[in-house]
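Protein chains in written order, with the working numbering: chain A, 447 to 914; chain B, 447 to 914.
If you are wondering where the hints come from, they were derived from the structure by calculation, not from laboratory data.
There's no promise every hint is true.
Put simply, identical chains are the same to the list, so a pair is met inside one copy or across any two.
Using 20 angstroms as the maximum straight-line C-alpha spacing, the simulated EDC-like pairs for lysine to aspartate or glutamate come out as follows [claimed, not checked]: (1) K533 / D640; (2) K862 / E900; (3) K539 / D640; (4) K686 / E531; (5) K862 / E470; (6) K671 / E895; (7) K549 / E616; (8) K575 / E910; (9) K465 / E572; (10) K465 / D640; (11) K533 / E717; (12) K595 / D545; (13) K858 / E907.
There are 2 protein chains.
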Amino acid sequence: MTRIPLYQQVCDYIIQRIKTGEWEEGSRLPSIRTLASQLGVNRLTVLKAFQVLKDSQYVYAKDKSGYYVQKNADNQKKQQSTLNEPKIYSYIKNSHLSDIHNKPVNYMFSTSLIDPKLLPNRYLSEHVKEVFDQYPQLLGTYAPVKGDKELIKGFSAYFQKYYNFYIHEESILITTGAQQGIDIIAKVFVQSRDYVLIDSPTYSAAVDIFLNRGAQLLPIDLTTKGFSLEQVESYMKKYKPKLFYMNPTFHNPTGYTVPTEQRKQLVELAERYQCILVEDDSFHEIYFVKAPPAPIFTYDPCGYVIYLRSFSKYIAPGLRICALLAHPILIKWLVKGKALADNGTPLLNQKAFLYYLTSERVQRHMEKLRIALQLRKEAMEKELSLKQFQWNSPAGGLNLWVKLHEDINIEKFKIKALEQQISIVPGNICDPLARSIPYIRLSYSFLNEQEIKEGIQLLNEVHESLKV
Amino acid sequence: MTRIPLYQQVCDYIIQRIKTGEWEEGSRLPSIRTLASQLGVNRLTVLKAFQVLKDSQYVYAKDKSGYYVQKNADNQKKQQSTLNEPKIYSYIKNSHLSDIHNKPVNYMFSTSLIDPKLLPNRYLSEHVKEVFDQYPQLLGTYAPVKGDKELIKGFSAYFQKYYNFYIHEESILITTGAQQGIDIIAKVFVQSRDYVLIDSPTYSAAVDIFLNRGAQLLPIDLTTKGFSLEQVESYMKKYKPKLFYMNPTFHNPTGYTVPTEQRKQLVELAERYQCILVEDDSFHEIYFVKAPPAPIFTYDPCGYVIYLRSFSKYIAPGLRICALLAHPILIKWLVKGKALADNGTPLLNQKAFLYYLTSERVQRHMEKLRIALQLRKEAMEKELSLKQFQWNSPAGGLNLWVKLHEDINIEKFKIKALEQQISIVPGNICDPLARSIPYIRLSYSFLNEQEIKEGIQLLNEVHESLKV
Chain A
447 MTRIPLYQQV CDYIIQRIKT GEWEEGSRLP SIRTLASQLG VNRLTVLKAF
497 QVLKDSQYVY AKDKSGYYVQ KNADNQKKQQ STLNEPKIYS YIKNSHLSDI
547 HNKPVNYMFS TSLIDPKLLP NRYLSEHVKE VFDQYPQLLG TYAPVKGDKE
597 LIKGFSAYFQ KYYNFYIHEE SILITTGAQQ GIDIIAKVFV QSRDYVLIDS
647 PTYSAAVDIF LNRGAQLLPI DLTTKGFSLE QVESYMKKYK PKLFYMNPTF
697 HNPTGYTVPT EQRKQLVELA ERYQCILVED DSFHEIYFVK APPAPIFTYD
747 PCGYVIYLRS FSKYIAPGLR ICALLAHPIL IKWLVKGKAL ADNGTPLLNQ
797 KAFLYYLTSE RVQRHMEKLR IALQLRKEAM EKELSLKQFQ WNSPAGGLNL
847 WVKLHEDINI EKFKIKALEQ QISIVPGNIC DPLARSIPYI RLSYSFLNEQ
897 EIKEGIQLLN EVHESLKV
Chain B
447 MTRIPLYQQV CDYIIQRIKT GEWEEGSRLP SIRTLASQLG VNRLTVLKAF
497 QVLKDSQYVY AKDKSGYYVQ KNADNQKKQQ STLNEPKIYS YIKNSHLSDI
547 HNKPVNYMFS TSLIDPKLLP NRYLSEHVKE VFDQYPQLLG TYAPVKGDKE
597 LIKGFSAYFQ KYYNFYIHEE SILITTGAQQ GIDIIAKVFV QSRDYVLIDS
647 PTYSAAVDIF LNRGAQLLPI DLTTKGFSLE QVESYMKKYK PKLFYMNPTF
697 HNPTGYTVPT EQRKQLVELA ERYQCILVED DSFHEIYFVK APPAPIFTYD
747 PCGYVIYLRS FSKYIAPGLR ICALLAHPIL IKWLVKGKAL ADNGTPLLNQ
797 KAFLYYLTSE RVQRHMEKLR IALQLRKEAM EKELSLKQFQ WNSPAGGLNL
847 WVKLHEDINI EKFKIKALEQ QISIVPGNIC DPLARSIPYI RLSYSFLNEQ
897 EIKEGIQLLN EVHESLKV
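Starting from the given sequences, assemble the full structure and let the hints guide the process.
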């Protein structure tokens, strides 16, 4: 049995009451003295718990008057069950993002999928047909849990050829998309009460995965200049987080890129504090002017960076192929996690994907895709600038992170937009602590220029109507 | 584009060749001049690489005659890498089962996979090719998280037609194999310190999944007569377990089937104590005499049973398709768990599989497969009975659960068998608490009759040699 530190037990006690709604948003917490005597612990223990909860933004302090429950402190929506339903408690958080995508609308700005019209479907299909002749027992065979050997060799050669870094086959694991990669990492390295650093804003599904493992999230703000390394270091020192999840290149949702100097320093911190950096590099290939800095992974001599590179997204998203790169020791554990998750990515998908790694044609496709996406981005920016929205123009990726007028209630905005057949991702979904922030994420990858123009015009009307 | 120092890249180039054995122990490395011109780098860069490799004992220098590959350079590397290993704690349990499968042997009795020669690979491949013409944007599209609508409809019709029970489309979730189904159920309903009932012996990967969620396992013994319902009830009362995982039909590993009367009572207990029954029904279709009793799921009016039916196993294991059936409320949560796990099973696999649900040809394949497996089972039983092993002959499934002589150390037996090129699953792996029990699981699905005969004869020799 693990011995949970006393202050941690006090934290749990408080969080539980916030989650069940017993202590409501904005209400004052019992005083340190009261709580200490109620729980039979030292006052310093309660004070430490309050400080931890303040850092993780469950509570806030008001001068002299004490501690209060933060608004939206409760990420975990309460589950209601009506009379005829099985009375079962689920640990799953409501995933707002997939709910948003599920609504069919005319102007889909919420999804950062590539418009299928921009994908080389036809010649890919013809190729995949040949795969069956090449591997007659393809459908009758399981792939190794770690991934098809030929595909792993292919990835190793690919990174050598296009990125000029050598990666041993022992360091590669194939996953069914980056999503599964994050999930397996969480399964292997994160458990109840572990601290996890996460870039803020961030990819909302990563938040959901870590919370589901019982982790406590500590947001690290990402700006156009990167992270505050002082903050990173002080959190690593104080909380000893198991890992730091980040998307440092054409970041989702902001589009920012962590500068090269910081990359080296982040690796040093990771090593010093034995904290794994999870580098989700989904947008590396979508740049408009020049290629982004080398992955953080390439600066890591000691094995503290896990690199996720989703591959099929820009070519054949239906295949769901991602390369996870890490130190062989970590891979050994991650393969076991992969075995629990699904026993291996289907062989068909891996063999079908193999072609793209070696094909010049695919490289030409990527060049065309970059241009098409740049045109769409520019169309969106042009329309937004006419309407006086604010954002930082990204040098790559699929999204704009747009600031709304400060008076605007973001939830209302989302609903009004949906009424106009427009879907957007509201800022709070991208916030690790689900705080309400006056930003929205708009993806320019799914609609063509004309649709983008129309959609933004309509969205502007929604914006104006809510400004008061 | 990468910022890895050039000399480091040269080191990697050399290490790779040493590791693959291309440059053998004791052999002379190419001269600095040769290598520099081959790689297009400065001679000083190569010199620096040689010095680094010398320090890390990959190579040694001989006066004037150049550099040579160190003996045991590869071992050296291994020792060194234990020093340099990232200091990270992993929550993953050693999954012995996948370790066993990884060893290539002549007599593979450990895996309950179907011999690929018994699968209809050829006509399936031809069919899948047509799928691409039917769905031109197949590779460019994500499937809905819950599963492809057409396939879900197909499953609903299939259960109606062949099993005569109506299942609403809202109650169906598609997962990538039953393994993923169990993993998602654990993700949604089990967390640290929750109690989980589990049949004993059981499917070892289920044990690993629940332990990874931090659950406490309570084994429920399965005998030829089913469970002790008194034990089930007393555990449910005392521990309030979140769920009861079981494989009640042609059980893995024993082959036993929970009788019909117990099925109804189990549902009543589940409802009374609000405990989910997870019914893993992977072997339902593999019966030798008559079809098994109806699934427990079909007796459940209140939504406390989750039903897992792995489908592709007997037709196209490479596709990895499983139907998870449950009350729509549970499905709603499980879909969110599926979104976290991988955002949806690849569309290609779902569309490719669709055909089998409606094809008469596949039904004929299943009939032939049953006969082939029965012959293999009988071949194994005949040989075992000549050698006076003990087991209960199962009416379906893929495994025999064979008792060894009581004096035998099961771990020793496993190792001895491996030395004879035979892989078996030792009983302790199937025990939820990893206790050592004098049983082994032998699968008859992977080898033909002749191989089975030879393998059992060899296995008997191992058995005799250990009896003392």
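* Alpha-carbon proximity between K465 and E572, which holds within one copy, between copies, both or neither at 20 angstroms -> Answer is neither; intra-copy 41 angstroms and inter-copy 38 angstroms both fail.
* Asked: When no copy is named, should K533 and D640 be tagged within, between, both, or neither for a Cα gap of at most 20 angstroms?
  -> Between copies only: 16 angstroms across chains, 29 angstroms inside a chain, cut-off 20 angstroms.
* At most 20 angstroms between C-alpha atoms: does K549 with E616 qualify within a copy, between copies, both, or neither? -> between (42 angstroms within a copy, 17 angstroms between copies)
* Pop the pair K465 and D640 into one bin, within, between, both or neither, using alpha-carbon distances up to 20 angstroms. => So K465 and D640 pass the 20 angstroms test inside a copy (18 angstroms) and across (19 angstroms) alike.
* Asked: Between K862 and E900, at a C-alpha cutoff of 20 angstroms, which is it: within one copy, between copies, both, or neither?
  -> within (16 angstroms within a copy, 72 angstroms between copies)
* To do: If the cutoff is 20 angstroms on CA atoms, where do K686 and E531 land: within, between, both or neither? Let me know, please.
  => Between. Shortest inter-copy distance 18 angstroms satisfies the 20 angstroms Cα cut-off; intra-copy 42 angstroms does not.
* Which holds for K862 with E470 at a C-alpha limit of 20 angstroms: within a copy, between copies, both or neither? -> Neither. Shortest intra-copy (28 angstroms) and inter-copy (64 angstroms) distances fail the 20 angstroms Cα cut-off.
* With identical chains treated as interchangeable, where does the CA-CA distance between K858 and E907 reach 20 angstroms or less: within a copy, between copies, both, or neither? -> Result: close within a single copy only, 14 angstroms intra versus 76 angstroms inter.
* For the identical chains here, do K595 and D545 meet the 20 angstroms Cα criterion within one copy, between copies, both, or neither? -> between (37 angstroms within a copy, 17 angstroms between copies)
* Asked: For the identical chains here, do K539 and D640 meet the 20 angstroms Cα criterion within one copy, between copies, both, or neither?
  -> Both. Shortest intra-copy (18 angstroms) and inter-copy (18 angstroms) distances satisfy the 20 angstroms Cα cut-off.
* Can you tell me if K533 and E717 fall within 20 angstroms by alpha carbon in one copy, between copies, both or neither? -> between (46 angstroms within a copy, 9 angstroms between copies)
* Copy assignment of K575 with E910, given that the CA separation must stay at most 20 angstroms -> This pair counts as neither: shortest intra-copy Cα distance 52 angstroms, inter-copy 52 angstroms.
Checked against the numbered hints given earlier, this structure breaks hints 5, 6, 8 and 9; the rest are met.
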